[in-house]
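Enquirer: As you go down the protein sequences, you meet chains G and H in turn. For the first sequence, counting from 1, position 265 maps to 265 in my numbering; every step adds exactly one. In my numbering, each number is its position in the second sequence, counted from 1, plus 1000.
Everything labelled a hint here was simulated from the structure, so no lab data went into it. Be aware that one or more of the hints could be misleading.
What the hints assert, rightly or not - A few chain G residues that don't get close to chain H, going by computed Cβ distances all over 12 Å:
id : residue
1  : R10
2  : L93
3  : G133
4  : L257
5  : G324
6  : Q416
7  : A417
Unchecked claim - Stretch by stretch, here's where chain G covers chain H in the computed footprint (C-beta under 8 Å, at least three residues):
id : segment
8  : 1121-1135
9  : 1209-1222
To be verified - Using 25 Å as the maximum straight-line C-alpha spacing, the simulated BS3-like pairs for lysine-lysine come out as follows:
id : chain 1 : residue 1 : chain 2 : residue 2
10 : H       : K1121     : H       : K1192
11 : H       : K1121     : H       : K1143
12 : G       : K100      : H       : K1190
13 : G       : K169      : H       : K1121
14 : G       : K70       : G       : K141
15 : H       : K1192     : H       : K1227
16 : H       : K1227     : H       : K1190
17 : G       : K300      : H       : K1143
18 : H       : K1237     : H       : K1227
19 : G       : K169      : H       : K1143
In this text, a Cβ means the ideal position worked out from N, Cα and C, and glycines have one as well.
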Amino acid sequence: MSPSWDTFFRTLSLADHNTRVVVAGTTMLGIAAGVVGTFAYLRRRALMGDALSHATLPGVAAVFIIFGSKHLPLLLLGATLSGVLGVLAVLGLRRVPRIKEDAAIGIVLSVFFGAGMVLFSIVQQMRTGQEAGLLTFIYGKAAAMLTRDAWIIAGTAGAVLVGSIALFKEFRVICFDQDFAQSQGTPVFVLDVAMMALVVMTTVVGLQAVGLILVVALLIIPPAAARFWTDDLALMTVLAGAFGALSGWSGATLSALMPRLPTGAVIVLCAGGAFLVSMLGAPHRGVIASVLRQWSLRRKIAYQHLLRALAEMEEAALGPAPAGVGALERRRGWTRRQLHEVIRRAVRREAVAWAGPDALRLTASGRVEATRMLRNHRLWEMYLIKYADIAPSRVDRDADEVEHVLSEPIVRELEQALDAARAIPPSPHPQEAPAT
Amino acid sequence: MPADHSRACPVSIHDMTVAYHRRPVLWDVDYAAPQGQLIGIIGPNGAGKSTLIKACLNLVPKASGSVRFYGEPYGAARQRVGYVPQRESVDWDFPASALDVVTMGRYGRIPWCIPPRRRDKRMAMECLEQVGMGEYARRQISKLSGGQQQRVFLARALAQDAQIYFMDEPFSGVDAATESAIVRLLRELKSKGRTVLVVHHDLQTVPTYFDHVVLLNMRIVAVGPTKEVFTPENLQKTYGGRLTILEKAAEAVAEGRR
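For reference, chain H alone in the conformation it holds in the complex (with noise of 0.2 Å):
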């Protein structure tokens, strides 16, 4: 798929290589979003999918290439991107309760020295409660389930009102409540015509959850609909040797569902 940097395209990569300390970690990825779709970022680890979404937020330098949210580069696009990081990147034991996190959410449009105001918390705590969340507001971060520190980030996510979002291993170690409201989010989130784009790990689930899927491996190894793309081919590729236990489980699991 070409990336031309089309102002239809939600996000565009064109060419972009990302190393670390002369190592690279990401080649020539070339790559055009469709347009309000759920995209599932997959591969082993170490296969830079962070990294990939990290490069696109200008979070992580880039050796080469450039990337665009409709035609624009991310210094001017910032307002309609959200980000939700891992929730390991960040230490829970700060002291702040799920509100004021999911306040943060409004500060990249709230003027430099004013403090948060009154509609803005009243957005976090509609964003707290379409996660299922509202009655924590008050509840200080670190005594929450990694479940729910998992959907206070998503919240706060909501809370920056963008059109594209990032997001890394939302579903990572979390209960099957949260996974429910995280795939609910993400349907939600496309009814509107958002574009999401997710990294994954649990193959199992990903023909239910993404419309799309890029397969990466350092490299991208095959992006397209799901139904196309998501073969056991292109997974060999992605996967290499490593897809072997992968494929008997997912056997298994096909066999006990007879």
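Looking at chain G on its own, in the form it has when it is part of the complex (with noise of 0.2 Å):
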């Protein structure tokens, strides 16, 4: 099962011819179909990819009862038809009242496919032996690709990648906002119509190689990915299509090590590697990223916390002195292990120590973070008070600094009107605000 080393850099070196051939057809095919993906994922026409390639069957088998040829240009073009009329039926049955989109395209994709199925097996009766190119269809060979299909598929991939780049500006407005397009003249039903024949040419040429069960992974799956890694259309485009060129070229080159295993389940597999990648791993919007962030998050609250209780106990108390642990815990709703964990970490920073077995103090840097701290919280809270009207919509809660998102008379103000508000007299220690 295991491939030699000189099979693994024959492959890798791409000295063979066909794997040359298969190799660039599956990469140039993910290409194309990240790209146009990326706008059918954000109109939310991916799943119709899917319609269209099951609705694709009974084309190629129709081609071959009635010409009884396995001409490729011709099978494409049956499955093209087929595939049409069926992204047809689904625009049709969705204007039907009570029938929504996913039961349109639940009903086409298997109706399709059923009618495909009873063709293959008419065909399996006419010519016992014949059917076998055909099943390529169902579930994808990319070793069957001769060179001839490769340039089909480079010269597909090419139309696409100019019709996308030369409509993406219109793609990108009706994608995001339809109504406001048309208001301006846009014609969403024929950009409509032109992506979709975009999808309709990327999905033909990759049933041979993935296969039509598995084609749509390629449509959807890359812009996914991308999606993870980037706020920007263009940007999110172009890695789309580098997600797939990933999948079709690892894929391809791994079946090709390894014959027996199936192109196109192993082109989605890569295809799910790199989405899996992404979910996880991308930096702001992925799952790790975000993790960590509630994690230091949480590390950073609980430790001004700490701070800004022995401020108040200190305030409280009219003058630095040692605050107890116990007083702390009861303070606020944390359990001993937390509580002493934020401890380890503040006694680590020198801003608290330890003045006793069970009492802390704040350190002369830890007073001033501290009362900083506090300052702050509580110019925040007036705020919110004062301003409540306004105030959501400026509250920058990553903010340490008031006076970094505040204007200074906004600042001004509101330490006056906290001063005002103190019931009680100040405390002795230096209550002035520390120079930032």
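Using the hints, build the complex out of the two chains.
Expert: Structure representation (structure tokens):
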């Protein structure tokens, strides 16, 4: 099963003509599918590609029955015709009251696929052994790709890329805001047809390599993966093309190394791998990044709570005094373990020091930090009270310093309000705001 | 007010009926908007306020009737008409920055297949600054607050540089800062002689914001200058029994002010 080193290097270096053809074909297919898939994905038409690919089957079988030929361009023409018929059927069914899009797609997908299977059984009864080549349309067999097939894919991919780049601005606006686009005179329907035409072209040339069951994966997965990395549509489109290319290349290479693996499935699994890595590892939108962000936010908040609690206790005691751990524990809803963890961190940062077996005190630098936090906290509170109507849109919860977010006059006004609001006389230790 | 599709009239609607699934939503609407005014379109939920706008802009089919903009049909007048859809009508998680969205307001003037030019982006930036959102130009739109998103939509309409504006509930769910920004903007548009039609929900602010009102409930109940038309009787006719609650609320507010 496992390939020899020689095969390994021959495959990776694309030494064989056959490998070259297959790898080039699937890579170009991946690029085209990723790029046009980006728009279909954002327009929420991605599943339409699934209905479309399944709807190509009766066309393929019908061409074979009528012409008795396995000539690829002819079969692809049949696939295109019945695929387009399927898309039109979905669009038509959607207009029927009480039929929603998912139902329309489900109906068309299964009925066309069923029709295709019935036609296939007729093919099987007609000529034994001849139908074998047709099965590649269902499961995909990139290894069967000829030079001519790769050229068909290359031409299609080129056309899809040119179309997507030319209509980029138009696709962007109909994907985001269809009504606005239409109000500006953008022909939304024509553009939708153009977009579906690009999807049809990509799907049909992808049938042979990936198979009609899985080809939709190449339309959906690369854009979905790309979305994790960027908020820019142009970059997302490029990334989706790159992920598609990567999947096509690695899938074809792997199945060239291990010829018994089905290429289509391997390509889709590679795309799935790229998606998984993106979902987990992407810097801002990724799952790991957001878990880490949550975790460090919690740590930061706990630390601030500790310092603020100590400052408040000093204020109540009218001067620097050690605070008991038990009293701290009662002040907030933290568990003993959480409290000791945050105390350890504060001691390491030399903001607090042990003042006995069970008592803490603020260090000089810790006191400065704690006083600043306390003042900040109170100013924010005062701001929320005084400007309750406009505050929520301005409050940046990440900002440590009020001054960084609010203008100086407002901060001064808040400080005055804060002083006026304190019923208890100001504590003897320095109350004025530390210089920032 | 007869609508004779005069060339002087920014928006004239003649005998317009709109129906969804055979159920009429708007009946026999006849309306001629006055030039250079801020016009509030007022009515209860389901009165067809949004539908009125969408039918004017050919976004929903009309069962009958015609609409003209300075005497021209929509297709010919498109560049003179700006549109602010409801904020909830789009997915804000779309991969775009505030500037990208505002630049879309220029698309109607950029030829096909040509990307936005530098002067389009510059103008979009100016429009963002005009609504006080200049510093958020590069921010992804889902990271903006609701009010900021609404201001992005307004900036996009400004980028359209139109004569007539249709705004669908721009005041709904926005903070006070955005509300005052919108009001400022409306007055600025008026001072430049633009005509603005605004679907509006909050009855209390109608007299301060709008010169003219259209009271709508599937048909036009009353139109005219706010001072003359925005009366309890007309509101009663527009809102029916539902108004009593509003009236009590308004009274309570009036009491509080005294």
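Enquirer: Now tell me if each hint is right for this structure.
Expert: Structure-based check of all given hints:
1. Interface exclusion of R10 (chain G) from chain H stands, the closest Cβ pair being 41 Å apart, more than 12 Å.
2. Once the 12 Å rule is applied to beta carbons, L93 (chain G) is consistent with being away from chain H; the minimum gap is 17 Å.
3. Residue placement check: G133 (chain G) keeps its beta carbon more than 12 Å from all beta carbons of chain H (closest about 40 Å).
4. With a minimum CB-CB distance of about 36 Å to chain H, L257 (chain G) clears the 12 Å threshold, and the non-interface call stands.
5. No Cβ of chain H approaches the Cβ of G324 (chain G) within 12 Å, the least distance being about 43 Å, so the stated non-interface status holds.
6. Separation of Q416 (chain G) from chain H is adequate, the least Cβ-Cβ distance of about 22 Å exceeding the 12 Å criterion.
7. No Cβ of chain H comes within 12 Å of the Cβ of A417 (chain G); the nearest lies about 19 Å off, and the non-interface call holds.
8. With 0 residues bearing a CB less than 8 Å from a CB of chain G, the segment 1121-1135 of chain H misses the requirement of three and the coverage assertion fails.
9. Residue count for the segment 1209-1222 of chain H with a Cβ under 8 Å from a Cβ of chain G: 0. That is fewer than the three needed, and the coverage hint is violated.
10. Taking the CA atoms of K1121 (chain H) and K1192 (chain H), the gap is about 23 Å. The hint holds against a cut of 25 Å.
11. For the given pair, K1121 (chain H) sits about 21 Å from K1143 (chain H) by alpha-carbon distance, which is consistent with the 25 Å threshold.
12. The straight-line distance between the Cα atoms of K100 (chain G) and K1190 (chain H) is roughly 44 Å, outside the 25 Å bound, and the hint therefore fails.
13. Restraint check: the Cα-Cα separation between K169 (chain G) and K1121 (chain H) comes to about 13 Å, which is no more than 25 Å; the hinted pair holds.
14. For a cut-off of 25 Å, the pair hint linking K70 (chain G) to K141 (chain G) stands: about 15 Å separates their Cα positions.
15. Restraint check for K1192 (chain H) and K1227 (chain H): satisfied, since their Cα atoms lie roughly 23 Å apart, inside the 25 Å limit.
16. Taking the CA atoms of K1227 (chain H) and K1190 (chain H), the gap is about 18 Å. The hint holds against a cut of 25 Å.
17. Between K300 (chain G) and K1143 (chain H), the direct Cα distance comes to roughly 22 Å. Compliance with the 25 Å bound is thereby established for this hinted pair.
18. For the hint linking K1237 (chain H) to K1227 (chain H), the alpha-carbon distance of about 17 Å falls within 25 Å, and the restraint holds.
19. With a C-alpha separation of about 23 Å, the suggested pairing of K169 (chain G) with K1143 (chain H) holds against the 25 Å cut-off.
In summary, the structure is inconsistent with hints 8, 9, 12 from the numbered list given earlier, while agreeing with the others.
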